[in-house]
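Chemist: With chain A fixed as given, assemble chain B onto it according to the hints.
2 protein chains.
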Amino acid sequence: MTSTEPQATPPARRRGRRPAGEDTRSALLAAAGEVFVEQGYDGATVRAIATRAGVDAAMVNHWFGGKEGLFAKAVLQLPFDPQQTVAALLAGDRADLAERIVRTFLTIWDTNEGGRFTALVRSMTSHDAAAQALRNFFQHMIFERIIGQLGIDQSDLRASLCASQLLGLGLVRYVLRFEPLASSDVDTVVAAIAPTLQRYLTEPIAPAAG
Amino acid sequence: MTSTEPQATPPARRRGRRPAGEDTRSALLAAAGEVFVEQGYDGATVRAIATRAGVDAAMVNHWFGGKEGLFAKAVLQLPFDPQQTVAALLAGDRADLAERIVRTFLTIWDTNEGGRFTALVRSMTSHDAAAQALRNFFQHMIFERIIGQLGIDQSDLRASLCASQLLGLGLVRYVLRFEPLASSDVDTVVAAIAPTLQRYLTEPIAPAAG
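Chains A and B, in that order, give the protein sequences. So that you can map any letter, position 91 of the first sequence is 91 in the UniProt record's numbering, and since no number is skipped, the others follow by simple counting. So that you can map any letter, position 145 of the second sequence is 145 in the UniProt record's numbering, and since no number is skipped, the others follow by simple counting.
Take every hint as true, because none was put in to throw you off.
Covered stretches of chain B (in silico footprint by chain A; criterion: 3 or more residues with CB under 8 Å from a CB of chain A, positions within the stretch not fixed): (1) 135-141; (2) 169-180.
Examples of chain A residues toward chain B, derived with CB under 7 Å: (3) D156; (4) S160; (5) L161; (6) G168.
The set of hints was computed from the structure by calculation and includes no laboratory data. By construction, the Cβ of each residue, glycine as well, lies at the ideal position given by its N, Cα and C atoms.
Okay, chain A solo, but in the shape it has when bound (with noise of 0.2 Å):
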């Protein structure tokens, strides 16, 4: 979960009101989670979450990396930076790009048997910003950042039928935890689930976008 992060060395200029150690990184992700609600990802500035917090802007750079990867980690709670992510899912061979997608999310999500995939899902439902937030990560950070590399038509269409099956799993998973699929490991859930999301990312799916 902190293996991506930066360690606690201080940037060259220390501007910020607290020191920049684990205060200032906690208080950040405590003011951008009710920034980002409040506000939608869209109206939410690093500014602002800075100004809540008590610290200075540029401690969101330093330890996150930018706006998207605050978000990420507040907000989706996620253990990655979404353009590292991306950047590695399309390292590998296109064949097996959504198996490399499924497993990904899977074992993110598995770690705290779903606990995080429930809380985010209770939260786009009741929050019509969070729901903006999580359509802002899956659809434009996500898959059309995927499907843009692989050059296709319908990328809009492709990125929403990806995310559709990809957050059905979860839900199905975590939230109904139907059976077998709540509690099938990894491989067999992968195995099932893949086939369907290679179609979405590569081969014909609708005669015309709607």
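Modeler: Below, chain B alone, put in the same frame as chain A:
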């Protein structure tokens, strides 16, 4: 929404404490909504619901054809009886089965712009009993019955995979409103999603049920 319901002719023998008209039906729906959420599908008895509604238990059969039909209307707010629906879905060509399933649910959920689906997701993420109820409905009442008729292996896994894609579609179309999936016409969505369900229903899906 009312097309398959009996008209307000009272049953031959009236034993209820209220007239066997719309009042009875409404009282049963309200009571069922409470009791199913409190007790779960298995724990809720027809007698307990009727007592709460202040009517005779026989009114459940009269108005809803039994516990399952009452549940479908009161909790899932579905305008159909699950058993009749499964029979209708299975009546046509098996090659188009998945297409009929996707089209049926989409058409129902589309009628009130997904408000019904959104309410369902909200209740199931906040009440374990509602999650259990939904699991019971999708997995047992709908998909295991369909798959049972197909005579194919791994029926539980297939049922939960079908539910994952169908519920994920609802989540993305109505709750999260990913575009273009949120505003695509039914034909476009059916063309994109049906092949996924057809594979889950009839093709090899995983090396072994985990």
